[in-house]
Amino acid sequence: MKNQILSFVFISLIAAPTFAQDAADLPEADPADVESVDALIAAVYDVISGPAGEKRDWDRFRSLFRSEARLIPAGVDPGGEFGLRFWGVEDYISQAGAFLEERGFFESEIHRVQEEYGNIVHLFSTYDSRWKEDDPEPFTRGINSFQLVNDGSRWWVVNIFWQGESENASIPEKYLPQG
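When we follow our numbering, the leftmost residue of the sequence shown carries the number 1, and every step to the right adds one.
Keep in mind that a hint or two might mislead.
[Said to hold, decoys possible] Result set (EDC-like, lysine to aspartate or glutamate): computed pairs, CA atoms no more than 16 Å apart in a straight line:
1. K132 with D30
2. K55 with E109
3. K132 with D33
[Said to hold, decoys possible] Taking CB as the label site, the calculated pair distances span:
4. E173 with G88: 33 to 43 Å
5. A32 with D77: 17 to 27 Å
6. E109 with G75: 13 to 23 Å
7. P27 with E167: 33 to 43 Å
8. Q95 with E137: 35 to 45 Å
9. A96 with E68: 12 to 22 Å
Honestly, the hints are just simulated from the structure, not real lab data.
Quick caveat, the model's predicted, so the values are computed rather than measured.
From the three backbone atoms N, C-alpha and C, an ideal C-beta is built for every residue, glycine too.
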């Protein structure tokens, strides 16, 4: 019993900073963006999408993520090696932001598979990407794997882990729109 109490105290001490370190330096979220899973996912896609020359609302983007959040692209490099990159929110903005704004980029969710338990949600969000909103065909598709949490007052993005479709990794039918 004594060991169980000590274990509980130890775990509580370790976990306490995790629960406390959230919104200190983050911009305040629009309540409509974080009131539901659907709203949160729509806000993420909305912020990154826009025509060439349009500045993205990066403060809105920041407000959707926990401060410890990771954005993790997976894929094959030009040398044929599979790899991952691990970015924080600021890393993503500095690595991808200028490209999205200069080139133009529209990403849309075309299908979703969602699992929930308690305060956590995991979803596979199949997307297609276009350079212009009215492009007849996407230049790529893939899957964004979102991990989300509700802290009792709002929804947060914890991680986005994604991989684009390729010759060696086509999207399974169960992750594509039916019909």
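Going down the list of hints, with the structure as the test:
1. K132 with D30: 27 Å, violated
2. K55 with E109: Distance of about 21 Å is beyond 16 Å: violated.
3. K132 with D33: 24 Å, violated
4. E173 with G88: 33 to 43 Å: Taking Cβ atoms as reference, E173 and G88 lie about 34 Å apart, which means the hint holds.
5. A32 with D77: 17 to 27 Å: Violated: the Cβ-Cβ distance is about 39 Å, outside 17 to 27 Å.
6. E109 with G75: 13 to 23 Å: For E109 and G75 the Cβ distance comes to about 19 Å; the hint holds.
7. P27 with E167: 33 to 43 Å: Taking Cβ atoms as reference, P27 and E167 lie about 40 Å apart, which means the hint holds.
8. Q95 with E137: 35 to 45 Å: With a Cβ separation near 26 Å, Q95 and E137 fall outside 35 to 45 Å, so the hint is violated.
9. A96 with E68: 12 to 22 Å: 19 Å, holds
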